[in-house]
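**Q** Turn these sequences into a full structure, and let the hints steer you where they fit.
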Amino acid sequence: MTTSSFVADGEALKVGWWQIGWVSLDADGGGNGAVLDLSPGPGGRIGQVIDMDHEAGPSGPIASDFVGYLTGVAARLDDFSVIDGQYVEEQ
Numbered sequence: 001m002t003t004s005s006f007v008a009d010g011e012a013l014k015v016g017w018w019q020i021g022w023v024s025l026d027a028d029g030g031g032n033g034a035v036l037d038l039s040p041g042p043g044g045r046i047g048q049v050i051d052m053d054h055e056a057g058p059s060g061p062i063a064s065d066f067v068g069y070l071t072g073v074a075a076r077l078d079d080f081s082v083i084d085g086q087y088v089e090e091q
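Residue numbers are given in the numbering used here: position 39 of the sequence shown equals residue 39, and the series is strictly consecutive.
Treat the hints loosely; a few may be bogus.
[Said to hold, decoys possible] If you anchor each label on the Cβ, the simulated ranges turn out as follows: (1) 88 - 43: 34 to 42 Å; (2) 28 - 88: 18 to 26 Å; (3) 88 - 38: 17 to 25 Å; (4) 45 - 81: 31 to 39 Å; (5) 20 - 80: 20 to 28 Å; (6) 43 - 90: 32 to 40 Å; (7) 81 - 39: 20 to 28 Å; (8) 85 - 39: 22 to 30 Å.
These are calculated hints, taken from the structure and not from any lab test. Glycine included, every Cβ here is placed at the ideal spot set by N, Cα and C.
**A** Pasting the structure below:
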């Protein structure tokens, strides 16, 4: 198995910093975010959701598909309330 500074061959992701077939889903304002992978590596699957970090590069997958990603987002949002326009974690 060969490796690059980003991803090892044979993994769920292709080697490299960015791939044609990756679609950004969200961003945190600092260059990081979730990416829909329509061009996975040999160990991955089309539609997996990966994490893109502006310093470390791509990693994951963080969800097996888009529905799984959205389910996770909804679960996290369910743990919060909006009070005076601000998200507040429920205790």
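**Q** Take the hints in turn and mark each one as holding or not.
**A** Here is how each hint holds up against the structure:
1. Take residue 88 and residue 43: their Cβ atoms lie about 40 Å apart, and the range 34 to 42 Å holds.
2. In this structure the hint that residue 28 and residue 88 lie 18 to 26 Å apart at CB holds, the actual value being about 19 Å.
3. Checked against the hint of 17 to 25 Å, the C-beta distance between residue 88 and residue 38 comes to roughly 36 Å, which is inconsistent with it.
4. Our hint of 31 to 39 Å for residue 45 and residue 81 holds, since their Cβ atoms are close to 35 Å apart.
5. In this structure the hint that residue 20 and residue 80 lie 20 to 28 Å apart at CB is violated, the actual value being about 36 Å.
6. Between residue 43 and residue 90, the C-beta spacing of about 38 Å keeps the proposed range 32 to 40 Å intact.
7. The hinted window of 20 to 28 Å between residue 81 and residue 39 is violated, with their beta carbons roughly 39 Å apart.
8. Here the CB-CB span from residue 85 to residue 39 is close to 39 Å, at odds with the stated 22 to 30 Å.
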